[in-house]
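**Student:** Sequence:
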Amino acid sequence: MVKESLPSLSYTVCLQKFLNFIYRWFTGAGGTIHAYLHFEQEFKTNVWAIQVTPDTLKNSLYDQARFYFYKVKEQQPEGPYRLAAYSGTSMLVIPLAQMLQESGGTIIQLAFIDHFPTLLFCPAIGVQIKGNGPVDVGPATRRTFLFTSPTISGGAFNGNPNSEFIATFFDTMNVLLNNVFDFIMSLVETHGPTGVLDNLVGWIESVKAPITLYVASQGTVGDALPEYLDQWGDLGAKL
Numbered sequence: 001m002v003k004e005s006l007p008s009l010s011y012t013v014c015l016q017k018f019l020n021f022i023y024r025w026f027t028g029a030g031g032t033i034h035a036y037l038h039f040e041q042e043f044k045t046n047v048w049a050i051q052v053t054p055d056t057l058k059n060s061l062y063d064q065a066r067f068y069f070y071k072v073k074e075q076q077p078e079g080p081y082r083l084a085a086y087s088g089t090s091m092l093v094i095p096l097a098q099m100l101q102e103s104g105g106t107i108i109q110l111a112f113i114d115h116f117p118t119l120l121f122c123p124a125i126g127v128q129i130k131g132n133g134p135v136d137v138g139p140a141t142r143r144t145f146l147f148t149s150p151t152i153s154g155g156a157f158n159g160n161p162n163s164e165f166i167a168t169f170f171d172t173m174n175v176l177l178n179n180v181f182d183f184i185m186s187l188v189e190t191h192g193p194t195g196v197l198d199n200l201v202g203w204i205e206s207v208k209a210p211i212t213l214y215v216a217s218q219g220t221v222g223d224a225l226p227e228y229l230d231q232w233g234d235l236g237a238k239l
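UniProt numbering puts the first residue of the sequence shown at 1, with every later residue one more than the last.
The hints are simulated quantities; they were obtained by calculation from the structure and are not laboratory data.
Each hint should be verified, as a subset may be incorrect.
No farther apart than 16 Å at their CA atoms in a straight line, the calculated lysine to aspartate or glutamate pairs in the EDC-like style are these [what the hints assert, rightly or not]:
(1) Lys73 <-> Asp114
(2) Lys208 <-> Asp114
(3) Lys238 <-> Glu205
(4) Lys238 <-> Asp198
(5) Lys58 <-> Asp171
(6) Lys238 <-> Glu102
(7) Lys58 <-> Glu78
(8) Lys58 <-> Asp198
Could you put the whole structure together from the sequences, leaning on the hints where they help?
**Tutor:** Here is the structure:
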């Protein structure tokens, strides 16, 4: 077993490395790796985390995924791949997986940790689609997503003084949410409001890999109001 240091500005960080074991790649956690540090005690495989740095391309969802695709290929040129995503990168991991597949790689597991792309459409916390009306991805929706993080008290959202880490964390999440909402709007423009959810599901299913969803009993599901739990208790995975 070889443990490597955790360089603060490395795009891909090896949390734990075992020789001749399949890699697991994790994205998410506000662009940081802090949430994954304890994973080195839980896995007996290679575990890598992807984090945002100042040079990360963030022009669009696919630009960021393509940037990470090249970083993954530098560390692991050949599959098979195990991918996992948490939080907003439940959307980012899909294009990353698509690119790995298109390059000839095999995805043997795609895991979503307490988030799922269709959760965006939960009426209590996500994007609102009402009949043939416009899709609401305005400030209220963005604020709801940003405030679900316990590390953001509202100071960064309102432009108040905050620590450098929290300010960067906020900026990273805000840019990702903009890119996610831009992608959703592109689906609306192409398929109309009533076809967005079906096409989002088809987009997820374009990744030919077993999907695993981990739902925390006291995690994201708590953001859904009780009246929505019957439909959204699995974070929208059955839609």
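**Student:** If a hint holds in the structure, say so; if it does not, say that too.
**Tutor:** So, going through the hints one by one against the coordinates:
no.	hint	result
1	Lys73 <-> Asp114	violated, 26 Å
2	Lys208 <-> Asp114	violated, 21 Å
3	Lys238 <-> Glu205	holds, 12 Å
4	Lys238 <-> Asp198	holds, 12 Å
5	Lys58 <-> Asp171	holds, 11 Å
6	Lys238 <-> Glu102	violated, 26 Å
7	Lys58 <-> Glu78	violated, 25 Å
8	Lys58 <-> Asp198	violated, 26 Å
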